[in-house]
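J.: So the sequence lines, in the order shown, correspond to chains A and B.
Sequential numbering from 1 applies to the first sequence in my numbering.
Sequential numbering from 1 applies to the second sequence in my numbering.
Please keep in mind that the hints were generated in silico from the structure rather than gathered at the bench.
Check before you lean on any hint, since a few could be wrong.
[Stated by the list, open to error] Calculated pairs, DSS-like style, for lysine-lysine (alpha carbon to alpha carbon, straight line, at most 30 angstroms): (1) Lys164/A <-> Lys178/A; (2) Lys164/A <-> Lys264/A; (3) Lys128/A <-> Lys69/A; (4) Lys264/A <-> Lys60/A; (5) Lys555/B <-> Lys383/B; (6) Lys366/B <-> Lys383/B; (7) Lys243/B <-> Lys69/A; (8) Lys168/A <-> Lys128/A; (9) Lys632/B <-> Lys622/B; (10) Lys69/A <-> Lys263/A; (11) Lys128/A <-> Lys383/B; (12) Lys217/A <-> Lys128/A; (13) Lys555/B <-> Lys366/B; (14) Lys263/A <-> Lys109/B; (15) Lys555/B <-> Lys622/B; (16) Lys632/B <-> Lys366/B; (17) Lys178/A <-> Lys11/A; (18) Lys263/A <-> Lys243/B; (19) Lys243/B <-> Lys128/A; (20) Lys622/B <-> Lys264/A; (21) Lys60/A <-> Lys109/B.
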Amino acid sequence: MLYGITARYDKYQQRFVTCLSQSELQVLAADWARSTGRVATSIELSRLADAALDDQRIVKEAMLQGLHKSDPVIIQRLLRDAEFLGFEGSAREKIDAVLAMDIAAGDEVIRRRLIQILQHNIANAEDKIDASDDQLQAIYTENINIGAVPARLSFEHIFFDVGKTDAKARAEFALQEKLFDASTGDVFLEGNQFFALTPGSLSSKFGHDFSVALNQKEAPMGEWFGPLRSAYGFHLVRLTERQAAYRRPVAVLGPELESIWQKKQQAQHWQDYLEDLRHQYRVECHAPN
Amino acid sequence: MQRVAHMNFNRCFSVLVKGLGGVFCLVLASTVYAATEQASALKESVFEEHREPCANTNSQRQVFFGDTHVHTKYSLDASTQGTRTSPADAYRFARGAEIGVQPWTADGKPLRHLRLDRPLDFAVVTDHAELFGEVEMCQTPGMEGYDTWQCKIYRKLPRAAFFLFNTQSSRAKRLGMCGDDGELCREASLRPWQEIQQAAEEAYDRTGDCEFTTFIAYEWTGAAANLANLHRNIIFKNTQVPKLPLSFIETPSAPLLWDALDRNCVNAGTGCEVLVIPHNSNLSDGYMFSLARDDGEPISAEDASQRARLERLVEVMQHKGSSECFYDPLNSADELCGFEQLPYSSFTDKFVGKVLPFMSKPAGPKSGFIRDVLRDGLEQERKLGVNPFKLGFIASSDTHIGAPGAVSESGFLGHGGAGVPVGDTVPEGLPDDLEFNPGGLAAVWAEANNRTALFDAMQRRETYGSSGPRITLRFFGGDESLPEDICERTDYVALGYEHGVPMGGDLALKEEGSSPVFTVFAKMDGGRSGHSGMPLQRIQIIKGSVDENGKRAEKVIDIAGDSDSEAGVDLNTCETFGSGYPQLCGRWQDPQFDPLEHAYYYARVLENPSCRWSQQICVAAKVDCDNPETIKPGYEQCCSAAHRPNIQERAWSSPIWYSPAVNAIGGHLP
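Let the hints inform the model, and build the full structure from the sequences given.
T.: Laid out in structure tokens, this is it:
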């Protein structure tokens with residue numbers, strides 16, 4: 001009982017962060033200016049300082065929880081630090097020596113790793129609750145692009161190169177005379193048959209105007225028509241399949257919607273956890289330097 | 001038919017994979033690329049991918065565009081710049097979804113958003129294996145960690161400190177980082193590496209639609225003793241991957257990496273297959289493609305074989321510049337090498353240059369540019385019988401904001417990596433360092449959009465790099481049986497495969513004394529919604545050779561288009577003018593061919609000139625360099641001497657090689 005109280009008191013004693021010194025604030029401001037090309041406003045500087053304090057809390061809390069003792073990346077990093085500083089002994093002794101110097105929290109790699117681990121742990125701390133149907137539906141409604149399947153067209157074409165003479169006339173003649181063999185026309189590098197192209201793919205391969213023309217509803221199915229103008233020349237086209245744009249239903253998208261919902265939940269857990277940490281840690285300020 | 005011979009064989013077995021979400025059974029698969037190297041013969045375990053066959057399959061192959069170099073929040077040099085994009089987010093972005101981009105509000109909402117105007121066909125998240133970009137971090141003022149004591153030592157004593165640090169770290173690993181029973185590593189694998197695998201699995205379209213492909217991958221972030229860049233992306237063919245990525249910490253040199261990949265992947269008996277893609281040899285100060293082993297001895301034929309087997313592609317261009325060829329304004333015969341060149345030879349020099357410009361070492365002819373490296377490879381083949389640098393080309397972004405494929409010159413937000421961080425607010429002015437660029441795309445010729453077909457295509461180097469536009473590019477090499485009128489034939493592609501080899505292949509001439517024939521066909525990017533594509537200007541073939549006496553030569557030949565084109569761009573408005581070509585095709589026979597020389601040939605396709613990303617921003621900001629009052633803070637670089645306001649976007653095919661030895665034995669695939 002007494003041990004438990006003592007341990008909690010010890011942790012309480014250790015749960016503090018040090019407010020940023022003037023020189024640290026200056027470094028933050030200088031980094032900001034270097035990154036953004038302008039001076040930080042007082043509000044921005046205040047937020048930078050708050051974020052730095054949050055980082056201090058997270059790193060300290062992670063170390064209080066002993067997360068640095070079992071992570072291979074941190075262990076490896078501590079050993080590297082020890083080797084670099086010339087410490088002798090077993091791996092455990094080297095690690096202890098580095099930890100005793102209290103430089104681990106100043107190692108950016110260890111700091112980043114601790115933050116990452118704590119975030120992971122908090123995200124997975126609570127029993128996973130599956131989203132309800134209503135919650136999935138809400139995600140589906142909020143994210144209108146999820147599950148959107150664009151229209152697709154499959155077709156064959158005969159190409160008439162504008163770099164050669166009378167491209168349009170030759171195309172019209174081929175249509176009139178029903179000369180629907182690819183060799184009637186000119187070479188189109190990507191061939192004469194295309195499968196399930198979206199409007200975007202059509203634009204990439206033929207140009208935007210051609211894509212728009214081919215996606216018009218009145219374009220006939222199964223019959224040769226044209227010539228249609230593209231960025232490359234004229235084309236006689238025969239549509240072989242048209243798949244209308246649609247949106248996959250919620251039932252099909254369940255795992256993806258669930259994943260987005262879970263991610264939101266995890267983000268919320270993390271924010272709540274951070275808020276708790278802010279209350280648990282006192283901020284100690286020393287005389288200005 | 002002279003196509004590179006390869007055979008496929010399949011075998012199936014099931015593997016239980018325990019993921020975060022539960023246990024699921026995968027039957028993995030792939031056709032196996034039967035490379036003839038010794039190690040490949042050891043591969044017994046072959047996987048069959050459990051997926052629906054692709055409805056859209058073309059035996060003559062189709063081009064798929066992707067990005068094989070993407071960093072997310074799991075790269076420390078990305079997260080310290082505020083990147084919060086997860087691997088899953090990055091894959092969603094590649095498929096057309098919107099992502100949030102920093103700065104973020106206090107409650108975690110992004111102030112900027114980004115969406116691709118055209119989704120990608122494939123993407124590969126390649127976060128730093130070390131989980132931090134230590135070198136970049138220590139050298140990038142403003143990044144968290146810059147002022148740590150380790151970084152201070154790094155900067156003060158780079159050679160000694162870096163060497164000590166990393167050789168000691170490899171010992172540290174042997175002290176048992178995984179614990180006695182490996183439990184620590186298993187636990188760790190549940191975090192980023194596991195999430196990266198899971199994100200790749202979830203985003204991979206295994207339906208018959210074959211809309212989108214992913215690969216499990218990471219970046220090995222190595223550096224030479226002088227901090228020169230040795231970075232390589234490690235891409236796995238299927239879900240059989242090492243338990244943890246082999247990082248620079250465990251394998252502190254490229255040869256150690258290759259050995260470990262052979263041990264833990266290729267020869268592990270699990271069906272693991274891997275591809276290593278070096279990048280930014282322009283920043284390697286010549287170390288990326290060293291001809292010496294770790295012990296200082298020259299590489300052996302065995303070393304060369306291992307390297308050629310694992311390193312089959314190279315990034316010819318990305319966010320941090322082009323690595324194609326060195327450009328010296330006073331001496332370079334090929335003025336088109338003056339494209340997205342960095343003014344320094346390593347990151348050390350970049351940051352030294354910010355403080356002491358005269359101390360910064362500029363790139364030089366020995367910096368590691370690929371055109372010279374390919375010739376080194378020919379030279380080695382002459383000596384060893386094996387070419388260690390048989391590298392096909394791709395390009396990618398190296399985005400550090402988790403935005404694969406965001407490579408348009410328009411609306412560039414900056415990619416962050418080692419440049420100006422996309423910081424806590426939207427900066428006025430240029431969003432990235434002036435010398436950086438939006439990066440490029442990887443183009444792959446494959447039968448269908450799935451892992452097996454794409455990986456096999458990358459293995460046989462039937463790939464090309466684009467500086468951004470989706471230019472379509474075919475390149476075949478053969479002999480005089482390639483018809484003279486091939487450019488006029490609607491069965492161009494079939495003829496190319498029938499009478500020649502595609503990009504990435506080896507020439508096998510049928511008749512002794514005949515001179516090789518090449519054909520290149522390029523089609524301009526058709527554009528995107530509301531934006532027309534840029535017409536092509538010309539096609540070139542670049543030939544590099546080493547003769548039987550070791551004498552090196554290089555030639556750049558225009559084979560189609562108009563080198564005297566008057567097409568251009570008005571730099572005051574960024575409006576383009578003049579005409580170009582929607583499609584271009586050429587057939588060229590090498591008139592100076594010497595059957596005893598070793599040679600490579602690759603194609604380069606150029607668009608008409610356009611405004612570079614930086615100039616587009618400068619024009620939008622109404623900067624007039626003749627009127628100082630218009631040069632607002634953040635836009636000073638618009639008027640600097642180093643600013644290159646226009647560019648010629650381009651695509652580079654993988655080379656086709658000619659070797660006297662190969663032809664003496666009738667052709668084989670290295």
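J.: Now tell me if each hint is right for this structure.
T.: Hint-by-hint comparison with the structure:
Simply put, Lys164/A and Lys178/A have alpha-carbon atoms about 21 angstroms apart, close enough for the 30 angstroms limit, and the pair holds. At most 30 angstroms may separate the alpha-carbon atoms for a hinted pair to count; Lys164/A and Lys264/A exceed this at roughly 58 angstroms. This hinted pair checks out: Lys128/A and Lys69/A have alpha carbons roughly 26 angstroms apart, not beyond 30 angstroms. The hinted pair formed by Lys264/A and Lys60/A meets the criterion: a straight-line CA distance of about 25 angstroms does not exceed 30 angstroms.
Using a Cα cut-off of 30 angstroms, the hinted pair Lys555/B and Lys383/B holds, with the two alpha carbons roughly 23 angstroms apart. For the suggested pair Lys366/B and Lys383/B, the alpha carbons sit about 20 angstroms apart, so the restraint of at most 30 angstroms is met. Between the alpha carbons of Lys243/B and Lys69/A the distance comes to roughly 21 angstroms, so the proposed pair stays at or under 30 angstroms and holds. This hinted pair does not check out: Lys168/A and Lys128/A have alpha carbons roughly 64 angstroms apart, beyond 30 angstroms.
Only pairs whose Cα atoms come within 30 angstroms are accepted, and Lys632/B paired with Lys622/B is accepted, the gap being roughly 10 angstroms. A hinted pair counts as satisfied when its Cα atoms are at most 30 angstroms apart, and Lys69/A with Lys263/A qualifies at roughly 28 angstroms. For the suggested pair Lys128/A and Lys383/B, the alpha carbons sit about 62 angstroms apart, so the restraint of at most 30 angstroms is broken. A threshold of 30 angstroms between alpha carbons decides the hint, and for Lys217/A with Lys128/A the separation of about 47 angstroms lies outside it, so the pair is violated.
At most 30 angstroms may separate the alpha-carbon atoms for a hinted pair to count; Lys555/B and Lys366/B meet this at roughly 18 angstroms. A distance of roughly 13 angstroms separates the Cα atoms of Lys263/A and Lys109/B; the hinted pair therefore holds under the 30 angstroms criterion. Under the criterion of a C-alpha separation no larger than 30 angstroms, the hint pairing Lys555/B with Lys622/B is inconsistent with the structure, at around 42 angstroms. Distance restraint check for Lys632/B and Lys366/B: the Cα-Cα separation of roughly 39 angstroms exceeds the 30 angstroms cut-off, and the hinted pair is therefore not satisfied.
As the CA atoms of Lys178/A and Lys11/A are separated by approximately 87 angstroms, the hinted pair breaks the 30 angstroms bound. Between Lys263/A and Lys243/B the alpha-carbon distance is near 25 angstroms, which keeps this suggested pair within the 30 angstroms criterion. This hinted pair checks out: Lys243/B and Lys128/A have alpha carbons roughly 26 angstroms apart, not beyond 30 angstroms. For the hint linking Lys622/B to Lys264/A, the alpha-carbon distance of about 41 angstroms lies beyond 30 angstroms, and the restraint is violated.
The hinted pair formed by Lys60/A and Lys109/B meets the criterion: a straight-line CA distance of about 26 angstroms does not exceed 30 angstroms.
Figure legend: structure checked against the earlier numbered hints; hints not met, in rising order: 2, 8, 11, 12, 15, 16, 17 and 20.
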